[in-house]
Amino acid sequence: MESSGGRALPALRGLSLRLEPRLEVPRWLPYAVPALSLGIALILGMLPMLAQGINPITGYRDMLLLAFGSAYGISETVMKAIPLMLAGLGVALAFRMLVWNIGAEGQLYMGAFLGALVAYTWPHAPAWVLLPAMIAGGFLGGALWGAIPGALKAFLGVNEIITSLMLNYIAIQWINYLVIGPWQDPASLGFPRTTRLSPSAILPRITEAWYLPMTVFLVVGAVVVLYWIFRRSEGTGEKLRLAGGALLVGLLSVGAIYLLDGRRVHLGLVVSVAAAAILSVVLTRTRWGYEVRVIGENTRAARYAGMNLARNVLLVMMISGGMAGLAGMSEIAGNLHLMKRGFSPGYGYTAIIVAWLARLNPWGVIVVSLLLAALFRGSDAIPGAPKALGMMLQAVIFFVLIGGDVLVRYRIRLERTT
Amino acid sequence: MIEASPFAVRMEGITKRFPGVLANDDIDFCVQRGEIHALLGENGAGKTTLMKILTGLYQPDEGQFWIDGRAAAVRSPRDAINLGLGMVHQHFMLVESHTVAENIILGLDVPRFVLNLGRVDRQIAELADRYHLQVDPRAKVWQLSVGEQQRVEILKALYRGARVLVMDEPTAVLAPQEVEELFNTLRSMADEGHTVIFISHKLGEVMSVADRITVLRRGEVVDTVLAGDTNKQSLAQMMVGREVLFSVDKDRSEPGAVVLEIDGVTAFGDRGLKALRDASLTVREGEILGIAGVAGNGQRELAEVIAGLRGVSEGRILLGGEDVTGRTPRELIDKGVGYIPADRTGEGLVLNLSVADNLILKSYRDSPISGRFFLDGEAIADHAGGLMHDYDVMAPSIETRTRLLSGGNLQKLILAREISSRPTLMVAVYPTRGLDVGATGVVRRLILVHRQAGGGILMISEDLDELLRMSDRIAVMYEGRIMGVVPAEEATMEELGLMMAGTSGGEA
Amino acid sequence: MTDVVVFVTIILSAGIAAGTPILYGAVGEIFTERSGILNLGVEGMMLVGALTGVVASLATGSAWVGALAGMVAGGLLSLIHAFISITLRGDQVVSGLALTIFGAGLSAFLGFPYVNVPAPRFSALPIPVLEDIPFLGPVLFQQDMTVYVCFALVPLAWFWINRTRPGLHLRAVGENPAAADSLGVNVVLTRYVYTVFGGALCGLGGASLSLAYSPGWIENMTAGWGWIAIGLVIFAAWDPWRAALGAYLFGAISRVVFDVQMMPTGGLPQLIRILLTPEFLRMMPYVAVIIILVLASREAVRKRIGAPAALGVPYAREEGGR
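Protein chains in written order, with this note's numbering: chain A, 1 to 418; chain B, 1 to 508; chain C, 1 to 322.
For reference, chain A alone in the conformation it holds in the complex (with noise of 0.2 Å):
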């Protein structure tokens, strides 16, 4: 007796394992998967964490005070989400369309380094051009730094995932480079870190009185954009969904404010929310959002409906590069204000965790963001295994989901085999 497909997988005798394609999937099981991969590899973490002879109970319980116990916690975690959101989106992006970018390090300290050259050329220029001109400059720094893989890939055939791995440690001996050589501050007395930034180059706190024109801008921007939203939309669960999107923003955000009135947590929030925003706006409702769905989909149909692969594949990467060029912007002109060796402790990578997480979706990876970070944040609280804690943590949440992706795709089944 033959089933409809399938593999067998050995188990114990007269009985066999069999995975089979799952025909419809279950609408919880997508969020499901992420979430129960969270909790398996926590218990999993447990296991290195008992190596150590740390006792994982309070072990997780100081981490996750650390990370929210407080609203200086919570400042904290947020600012270190801050350039995951950012980078989390970018990747997400090339993901979508099977770019396997891995060059989001490299690409972050490149926007980083030009947002920074563009602060250091007009240190007097007034913060109102000067910011939107950082993260301008931002932003090209990684979509161009993005770009070379990119190029390399859609005209040559090149394998992105090395190339653009290889410009992260390119990009890295570049700022290397320059906080040692050319930009090295001289009141540093040899500590390899540039000049702090100007006061108009700062990206200045959300709290900040300079924020109000800024928030009520935002505002009436993000309004105009619903309505159009809901003129354009497909039909009332789309609107309700919508609708309780933005009043969940709203809430947040008002929450956010009051939450954060004094703490550090920078504008480079407001950026990524815009960005997510932005990014899940194309990706549902422009004509390139479409495109880059299909072709990441389906390249055979892509290429039917006459869609230009190779424009696409280097668009995307250069929009997914710029995306964490502003990261890496964000974090030196809203938190550290001046560059260093080493200033990011491998967001770009972790950024892929977070976009996978997410299931590249851009609401997603707001969220999962603040997750790793707490995580991150929260290794901290544990003696003796900083930031190693996490790093190893986010890896096997990494390894548990794609496991957990095959239950998604595969229905297990228990046969008798005579």
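Hints may be right or wrong, so weigh each one.
Across the chosen pairs, the derived CB separations fall in these ranges [claimed, not checked]:
1) A/TRP28 x C/ALA316: 25 to 33 Å
2) C/THR164 x A/TYR31: 49 to 57 Å
3) C/THR60 x A/PHE68: 54 to 62 Å
4) B/GLN32 x C/ALA316: 48 to 56 Å
5) C/PRO166 x B/ASP270: 29 to 37 Å
Worth flagging that the hints you see were computed from the coordinates, not collected in a lab. Heads up, the beta-carbon is just placed ideally off N, CA and C, and yes, glycines get one too.
With chain A fixed as given, assemble chains B and C onto it according to the hints.
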């Protein structure tokens, strides 16, 4: 006491079901030792299924078989090989970058460790000589011609001691003189006591090389005859049956201007052989030109050439009088060519996207679907909703992922998209293949409606009934050539059957 | 004149030493990819192998045990990737990336107490008589055991892949698994075996890094060399000899880069001086890999040498239909 059976292979009561289809229905099949036995029938008659059961790729639901008089338990290709059965598939299973010798010994336990191919080369050369299968053991397979590659496949079986050779459509990929060489080989193998079963749909060849012929139709055995006792006409009749089912339930139409003209087109297939040879056709407004023929005779390539997915090496394609040879698919879409591909999930649909997303695959650049940058969600919703309703596509909503739809609904989706763009020429390739009765009816009705509205339709189908029912004219393809074009009303099964099997017919 | 010869000798000798860890990774990946599985986790497996080597060596006092332990670690880790890629037919790119991140994270975390702790290592083992051969002697025969083993590995790997029956099966599985399957070759088992074996070699490469070339453990000590090994496989057109050529060449370039840092640059033009700063010099290997990949892609198009035809494509014996 076991008496020596005259039968190399005896199969009794073989039944095999697949979801939705009865491939083999209580088949009895015997092959005598040392004979060349042909298994004849149209596509879908069940020939390949029967042989795959014999060689261990499938398990029968009912029935049993004997090899050389002994009941056989064949559960895998390995078992079949051990029993002396060798199958030469239609699509070769060769590693192209390896040499002939490496391919032949693949999977065997000798040579023990080090590849000392000298001895193997000699053994292969001996075999090759004995059976007139000249091939250089040290040549790389990708350098060989298709005929030579086939010889490698045969040698693979012989090297493993196969006494019964099963060949699936062996001449499908051969040039005429290679066919002759193959037949010489088969005859000398039979002389040496080997038994050959070969699957075919080509009457001429079957008549010239087989000793006995078994005809299958729709999963059942029609008859088994000696080659000497029959002729092409009666074989054709057996292959396609005597039912004259067509009723005139479509309206008369007055075909209008010529929308498509193919003039002397020659094109190459994926394997580098000519798939279309000097083909010429016309299709007019408001007419359905049916393309009959056993699958694999160039129909798919014909459709791809018209849709712009394959280039032509000779000849011209004219759309409404304008030469469009060599244009890209996008340009042809813009000029009004609709395409319903054989492989729905290939170019036709993007399974992971929603119904709405798929419906705009061709029109997403035009207004009102989109403006300069943005897609108009409302317009898409209207368009998609309307199409779903008009074409009776059953899905929870336009946002449903296409992957979840049944085959019939997928086809309706494609039809909806193609027909609604009002193509002047529609190319439909096996449009009802794999669909249940209800969906088939809907699809046919939609095509007829489009015909009524003045569209020109080129319809490729394996179902002669369907073609006779729906077409205004029928062209038959065989080995890339148009064997003849006849008005559907005047066509007879025998005439079509003969043309499908290689005998040239009339003109219309 | 002799100064130049001495210089070249030192460069080549150091190049061979530096290229050895990468070569282990490359040969391992060649085996894996030849079977049709793409394993991008080389970096992770090398890191895990490096750490395991140090830990085992410290625990047992024997560098040999350390090297063996590194192999086992690399093999075990790649078993995960094998399971996901072969049995679950998952996306091999993502799984390999996950393996890298996992290996990096795991080794960083568990290696925390071992940073810069000295462990028993492989010291230089000059071979008597052979080391006295002019020029070749100092270059080839004043290395340590990991290098010598690698010397043997390359021709053995070549012989296994191209001149043995198991090697034939390996190549067939990577080129046309359906054909191999139809003739009774166990595709699944073959792929598992070579994925794990390839991973073991990567682990050995990591161990050779931490126990021989750059003794000791530092977090992330491979600095991207695992990725370079993957690029090398493409450059080598999946041939162990070419991989050796590439790895040693790369090692030599790295050594030149390092030495050039020591050079006085007083009188040279500004631009050259900039290019010779340590940071720029450290960029060079990575730039070289990109250039090599670009060249290799064009060469592949020209010479029709390509990857194993079934590389990265999951295999399943489909049933059903007619």
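Verification of the supplied hints:
1. Between A/TRP28 and C/ALA316 the beta carbons are some 28 Å apart, a value that agrees with the proposed interval 25 to 33 Å.
2. In this structure, C/THR164 and A/TYR31 meet the distance hint of 49 to 57 Å, their C-beta atoms being roughly 50 Å apart.
3. For C/THR60 and A/PHE68, the hinted distance range of 54 to 62 Å is not satisfied, since their beta carbons lie about 44 Å from each other.
4. Taking 48 to 56 Å as the suggested C-beta distance range, the pair B/GLN32 and C/ALA316 does not conform, at roughly 38 Å.
5. Evaluation of the 29 to 37 Å hint for C/PRO166 and B/ASP270 yields a pass: the beta carbon distance comes to about 33 Å.
The structure does not agree with the numbered hints 3, 4 stated previously, though it agrees with the rest.
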